[in-house]
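A.B. asks: Based on the sequences and whatever the hints tell you, model everything.
With the first letter of the sequence shown counted as 1, position 41 gets the number 41 in the working numbering; the numbers rise by one all the way through.
FYI, nobody ran anything at the bench for these hints, they're computed from the structure.
Everything numeric in this text was worked out from a predicted model, so none of it was measured.
C-beta atoms are modelled at their ideal positions from N, C-alpha and C, and glycine is treated no differently.
Treat the hints with care, since some could be wrong.
[As the list claims (entries may be wrong)] Quick list of the computed label-pair ranges, beta carbon to beta carbon:
hint	residue 1	residue 2	range
1	91	140	10 to 20 Å
2	22	144	24 to 34 Å
3	17	135	36 to 46 Å
4	59	33	38 to 48 Å
5	39	140	17 to 27 Å
6	144	66	15 to 25 Å
7	95	11	18 to 28 Å
8	24	139	17 to 27 Å
9	50	147	31 to 41 Å
10	140	42	43 to 53 Å
11	9	135	13 to 23 Å
12	92	63	51 to 61 Å
13	43	21	18 to 28 Å
14	66	11	33 to 43 Å
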Amino acid sequence: MATENYIPDEKDLAILRILQKDAKLSVRDIAGKINLSATPTHERIKRLEKSGIIKEYTTVVDRKKVNKGMMVICMIALNAHNKKMAGKFIEEVSKLKEVVEFYNISGDFDFMLKILAPNMDEFHEFFVNKLSEIEGIGQTKSIFVMNSIKESVQIL
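C.D. replies: Right, here's the structure in full:
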């Protein structure tokens, strides 16, 4: 079976749901939850990893407890629309550790960034000295998140 074109079945989807809730579970625990033995469960997990369906394992951190309490959604429109400028912009923004999510969007703006900072002063410092120094930015709009109602990494 070619893993790059692998289509997950219901058992695979069940495994993915379980791992999204708790990736620290053992293969044996996962197997028990989906009524399979450990060996085929382990093989399925490896196939999901190899196919790229499972991209990585990570830890979800409470941003407020690590001094990243301010969240800003920043919309950016480039002043020119060509492959070279967009490529350079993407390359530069991707290097910024304050930017935790980065999307190419449609509409009035070209990109949307989710930025985390300890406070308004630190965000201002980042915006003035890092983000706005990137060549090609035509227009920005910053939206300051007052409260997170729902945040999730679970897509299934």
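A.B. asks: Could you check the structure against the hints above and give me the numbers of any it violates, in ascending order?
C.D. replies: 4, 5, 7, 8, 11 and 12
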